[in-house]
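Turn these sequences into a full structure, and let the hints steer you where they fit.
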Amino acid sequence: MNFGYADAQPKLNSVSFEELEAFQTIEERPVFVYLTAEWCKYCKNVEQTSFRDSEIVNLLNNEFYLVIFDIETEETITFNGKEFRFKTTGLNTGVHELAEELGTIDGVLNTPTFVILDAKHNSLFKYGGYMYSQQIKSLLMISGK
Amino acid sequence: MHKIIISVLVNLIATSLFGQLSTISGTISHDSKPIEFANIYLVEAERGAITNANGSFFLERIRPGNYTLRASFVGFKPVERKVEVVYGEDLTVNIELEKQDVRGDEIVVTGTLKEISRAKSPVPVEVFSPAYFKMNPTPSLYDAMQNVNGVRPQLNCSVCNTGDIHINGLEGPYTMVLIDGMPIVSGLSTVYGLSGIPNSMIERVEIVKGPASTLYGSEAVGGLINVITKKPSSAPTFMVDGMTSNWMDLNLDLGGKFAIGKKVDVLTGVNVFNYTNPVDHNNDGFTDITIQERASLFQKWSIQREEGRLFTVAGRFLYEDRWGGEMDWTRQYRGGTEIYGESIYTRRWELISNYQLPTTEKLLLSLSYNQHTQDSFYGDMGYLADQRIGFAQLTWDTQINNHSIMVGSALRYTYYDDDTPATASSSDVNINQPDEVWLPGIFVQNDITLNEENQLLLGMRYDHNSRHGNIFTPRLAYKWSPNVKNIFRFNAGTGFRVVNLFTEDHAVLTGAREVIIEEELEPEQSYNINLNYEHKIFGDAGRYIGFDASVWYTWFNNQILPDYETNSNQIIYANLDGHGVTQGVSLNVDVELPTGIKMMAGGSFIDVYTSENDVRTRPLLSERWTGTWAIGVPVGDTGLKIDYTGNVYGPMRLPVLNEMDPRPAESGWWSLQNIQFTWQQPNSQLQVYGGVKNLLNFTPPANSIARSFDPFDEQVQFDGNGNVMATPNNPHALTFDPSYVFAPNQGIRGFLGIRYIIR
Chain P
1 MNFGYADAQP KLNSVSFEEL EAFQTIEERP VFVYLTAEWC KYCKNVEQTS
51 FRDSEIVNLL NNEFYLVIFD IETEETITFN GKEFRFKTTG LNTGVHELAE
101 ELGTIDGVLN TPTFVILDAK HNSLFKYGGY MYSQQIKSLL MISGK
Chain Y
1001 MHKIIISVLV NLIATSLFGQ LSTISGTISH DSKPIEFANI YLVEAERGAI
1051 TNANGSFFLE RIRPGNYTLR ASFVGFKPVE RKVEVVYGED LTVNIELEKQ
1101 DVRGDEIVVT GTLKEISRAK SPVPVEVFSP AYFKMNPTPS LYDAMQNVNG
1151 VRPQLNCSVC NTGDIHINGL EGPYTMVLID GMPIVSGLST VYGLSGIPNS
1201 MIERVEIVKG PASTLYGSEA VGGLINVITK KPSSAPTFMV DGMTSNWMDL
1251 NLDLGGKFAI GKKVDVLTGV NVFNYTNPVD HNNDGFTDIT IQERASLFQK
1301 WSIQREEGRL FTVAGRFLYE DRWGGEMDWT RQYRGGTEIY GESIYTRRWE
1351 LISNYQLPTT EKLLLSLSYN QHTQDSFYGD MGYLADQRIG FAQLTWDTQI
1401 NNHSIMVGSA LRYTYYDDDT PATASSSDVN INQPDEVWLP GIFVQNDITL
1451 NEENQLLLGM RYDHNSRHGN IFTPRLAYKW SPNVKNIFRF NAGTGFRVVN
1501 LFTEDHAVLT GAREVIIEEE LEPEQSYNIN LNYEHKIFGD AGRYIGFDAS
1551 VWYTWFNNQI LPDYETNSNQ IIYANLDGHG VTQGVSLNVD VELPTGIKMM
1601 AGGSFIDVYT SENDVRTRPL LSERWTGTWA IGVPVGDTGL KIDYTGNVYG
1651 PMRLPVLNEM DPRPAESGWW SLQNIQFTWQ QPNSQLQVYG GVKNLLNFTP
1701 PANSIARSFD PFDEQVQFDG NGNVMATPNN PHALTFDPSY VFAPNQGIRG
1751 FLGIRYIIR
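Chains as they are written, first to last, in the numbering used here: chain P, 1 to 145; chain Y, 1001 to 1759.
Incorrect hints may have been included.
[Unchecked claim] Derived list of chain P stretches under chain Y, where covered just means 3 residues or more per stretch with a C-beta under 8 angstroms from a C-beta of chain Y:
1) 60-66
2) 81-88
3) 93-101
4) 105-113
5) 125-136
Everything labelled a hint here was simulated from the structure, so no lab data went into it. It should be emphasised that the depicted structure is a prediction, and the values quoted were computed from it without experimental measurement. The beta-carbon is built from N, C-alpha and C at its ideal position, and this holds for glycine as well.
Here is the structure:
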């Protein structure tokens, strides 16, 4: 069994949705969107394992723009010229419209959800569920620029 | 020479044997790019492989024949190819995969049994998803609580099966049950209102063991169970779940959602439970479990407004008809003295609404109103009660730098009326005077994020009780989290509770004993402290181990405890001339392995006592040791999953009537264990489940109901002082007593169910 804590690795770079447009004009890359939630256990697992894997970090840093998005973010965000805001759905709970727009599959939004967009922000890949590091690595290799 | 011949022969034989077998190889790619770690599966041969860094796979030693080759990779459309393997020939198959938006199957995605509690909260909250409760499916949320460490559903009556929920050794009244954060289950409804919450309406259940925060009021000193209703985005379009057992009971849960235009989502849930087959396995002449027929309807409207503001309106209606008693009881004997039966009709409705005001500041208005009526007879003693609770709360949420401040004002109105002297005018018993209590309060909470690792929560609540005056309950919670894997939490504060005997103590109602209230009962004030540590270990492929340890101490300066022991004919209530303590330790472990195996186990040591005149007494029905576990094992790719759940309890002192009572004064160690098999094909909408409950066939002693052959005490003789005399018919000087109960009276049984879910 391997419960190893990852060794020192290069720092994972991420950008916000609103910075994407500027970055794409400098250099066009596919976008890797990672939808997460604070209380999501499988997400924490991805963050503690896959996002600490040096090969994955290098792939993400060099070939993608990574956006890490908490589906319960409260700020209003402009993306692709449209405004998306946070929707309260209950006491102390709600979901961000942009997360729903990007991540909903069959009417359900789960976390973690992995979405790959091309440089023009069209959807190339969407998976709602846990992926382990070999799968993520493999996915990144076939989707990179 | 011989050796050479033999080796040549062996080679010839070998090549001719193995020469018949072929190799299938190829690559799996997307957009011509090779995919590593993709899956290839030869269906009929039941053989599979994973592609390497070049996207290539090799399946060797395949016999000639026709096969289906299936290629798949997470997030892509699986591709199937029909191939024919010809004798002596190898085959090369190259497959391109196309993307498809895919969710992991339900077992992986929604199968988190216990979500990590909101890390934002310095208060240790345990969050259970419905998947956890499905490991041991039960008809009501009340029964489902048996699988939570430190929480124990306690039956209070063998005949009518009313119960309450104990948390960490503290009785029902100290447990607050909320729906969407609103305290609408209290008093009378804790007795019968916990059943009939349709499973289809539950998004998750949040449990706080020990005092929570100033947000919920001052009474929940034992703990809090918050049932969060489903969000439209996570609710299935339609679901039906039916379950039965060999006791011929049926539980049916229906749920559905539909949208009206783009802005309105409606969730509907229905629960029907029917058990009408009286059973008497312990031959005491009484039903083992109460006969119950109930139906409950729930509907929640979620309306989207501008700026994402919330507006929800939800309603629930419950009707239940239950009875227990002598086996030949029928409705015509209700209220009579010929055949003993306890019959309770419950009617309850609730309305809950949340509305975010159209202001730039976040102002949330929460309203609820519920009415609970009980029409019952316990033998020939009638009891009619009507309870109404109104609740309104306005909270203002704001963020100033690193201070997350919430200010709220709450108003609770409780109206209680029954046909007993408890709600009669003090001057004239014949004038009905319902009990009305207004409890306005305000609270302030400041959640300060000192830095990434440290968080401090300060809260203060002020309530004004129309009888007892001003109540201040402060609270402090501190969270230190050096990293994602370790969290320390400290929680301290005070609690305040006003006792309401008639709705809380069931024994009071049944009239089996006379109720004596010796003096004006004071409220209970408590001081509590709680320490919690969480440690998490994350490994690849979804591996996870979590540890959660807690230590708590609560000191009561007054506790109103019923005294059953001084006089077996009476229940005496008085203020405690001393103090009460409840303290303990608990540990939970949560393991998830890549094979899909999930395990949760927890144990608690609970010490509860009252100290009066320096004499320590442990209260009745308070266990010292409790443990619970749940293990879920998926069986390979078969679509079958096995769940093994159970709990174990240490000895408790039981309410015997006197020293001669033949029923054991202490319960031994006892345990309920269950096993369930669930079968579901991946991406199928149908799930079949079934198994055995109470594998050890544990039941409480057969003589639990004292003098069940004389329920109206017709053959009991009393002496001049009102004490029971020992007679040949009654050698132990007992009276009819159905309140000696500590465990459910259902032995080993089989159950079977079907779920159909359309997302």
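Report the numbers of all earlier hints that the structure fails to satisfy, in ascending order.
Violated hint (a single one): 1; every other hint is consistent with the structure.
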